[in-house]
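Enquirer: The residues making up each chain are set out below.
Number of protein chains: 2
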Amino acid sequence: MSTSLTKGEKTRDKIIRKAAAVFNLHGYSGTSLSELMEETGLEKGGIYRHFESKEELAVAAFDYAWSEIRLRRRIALDEIPTPLGKLHGMIDGFAAKPSPVPGGCALMNTAIDADDGNPALRAHAREALREWLDYLEALVRQGIRQDEIARGVSPAAIASTIIATLEGALMISRLSDDRSALDNARKHLHTMLDGIARKAG
Amino acid sequence: MSTSLTKGEKTRDKIIRKAAAVFNLHGYSGTSLSELMEETGLEKGGIYRHFESKEELAVAAFDYAWSEIRLRRRIALDEIPTPLGKLHGMIDGFAAKPSPVPGGCALMNTAIDADDGNPALRAHAREALREWLDYLEALVRQGIRQDEIARGVSPAAIASTIIATLEGALMISRLSDDRSALDNARKHLHTMLDGIARKAG
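Residue numbers (the working numbering), protein chains in the order written: chain G, 46 to 246; chain W, 46 to 246.
Same shape as in the complex, but just chain G (with noise of 0.2 Å):
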């Protein structure tokens, strides 16, 4: 695929690459264009020949920041062949490897930043939080289909709680300089599964 990209094609690519961790790091508000200039290495019009407005690029450069880390998460999980085995996996994941995007997780910054402003992009990542929380909903389902994991535990309180606890405790560990916070979620975590596993026997 990648090599019938035009030179428009590339361009317009690595500028929603480099533009995913400005905004990333800086907030959509707080990224400026002379920012995203100078990160691309494009003037003004080089960068509006490819998006309409700040807006549009923000909304492109959020994608493909959740795009990466989706793609990483599905490389991980992928050779995990249990359902309760791959949500122990997706915990570990997010508490042990940075973000692929610099800035940390590209969904809170997003969820914080965006909540006035522009509302395009908090569509985008209200779409990405619901599918994250579908995908981990999903596993809890075949895990109680497959007899792995308890009748009568709610999937979606499982994976609301899943994301919530792993956010936070990204946002503690972050402000705080520390990864105890996410060491603490990991395990804690990891307990709360042990609990909802069905008992052999």
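I should point out that these hints are in silico values taken from the structure, not numbers from a laboratory.
These figures come from a predicted structure and were not determined experimentally.
Ideal Cβ positions, reconstructed from N, Cα and C, are used throughout, including at glycine.
Worth double-checking, as some hints may not be accurate.
For the chain W half of the interface with chain G, some residues (derived, Cβ under 8 Å), not all of them [said to hold, decoys possible]:
1) Gly53
2) Gly75
3) Ala168
4) Leu174
5) Thr210
6) Leu211
7) Ala214
8) Met216
9) Asn229
10) His233
The calculated BS3-like cross-link candidates involving lysine-lysine, where the alpha carbons are at most 27 Å apart (straight line), are [unchecked claim]:
11) W:Lys89 / G:Lys232
12) G:Lys99 / W:Lys99
13) W:Lys59 / W:Lys89
With the hints as your guide, set chain W onto chain G.
Expert: Same frame as chain G, now just chain W:
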């Protein structure tokens, strides 16, 4: 006390209160001087007579927002007699009541927004987080001493898990415009506290 405020002090207080809402809604880097002028009804000179820079005003606004949060927490928890009861009460209060300053949790907003650009603001947010962690850790330790909470529990792990889960759930609830993540977090944390309670007998 308040009767002895000079006109200048009253103006300074008003600027801080108005600015706290603007910064919490739009972020440090997303807040412009013209917005601050509009909200306070003051000219640039009227604001800068009281604060040397936007950075200094943002720090004062964060400290004000945090003191409001702390005051509300103290009022709600002072009447609960036991440490474990206070932990349950803190969780209920967080999940039930909107932030006293519009725009969600000032701590999370500031942690995400000030990870670049305003090191003084970041230091104040880190200090606020440390204080909140210390408060919860002290309650867990007190609960252990009073035989309300099982020995062997890590006060630091419990404190960081509570804050992480609540803050992450607030992020999800705000992004998805749906309180269920906060409800799930509340129930999950009550169950966690029930699990560390010292069993009678």
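Enquirer: A separate judgement is required for each hint: does it hold in the structure or not?
Expert: Against the structure, the hints:
1. Gly53: violated, 31 Å
2. Gly75: holds, 3 Å
3. Ala168: violated, 10 Å
4. Leu174: At about 6 Å, which falls below the 8 Å cut-off, the nearest Cβ of chain G leaves the hint on Leu174 (chain W) intact, so it holds.
5. Thr210: Since the shortest Cβ distance to chain G is 5 Å, the answer is holds.
6. Leu211: This hint holds: Leu211 (chain W) lies near chain G, its Cβ roughly 7 Å from the closest one there, short of 8 Å.
7. Ala214: holds, 4 Å
8. Met216: holds, 5 Å
9. Asn229: holds, 4 Å
10. His233: holds, 5 Å
11. W:Lys89 / G:Lys232: violated, 51 Å
12. G:Lys99 / W:Lys99: holds, 24 Å
13. W:Lys59 / W:Lys89: holds, 15 Å
In this structure, the earlier hints numbered 1, 3, 11 are contradicted, and the remaining ones agree with it.
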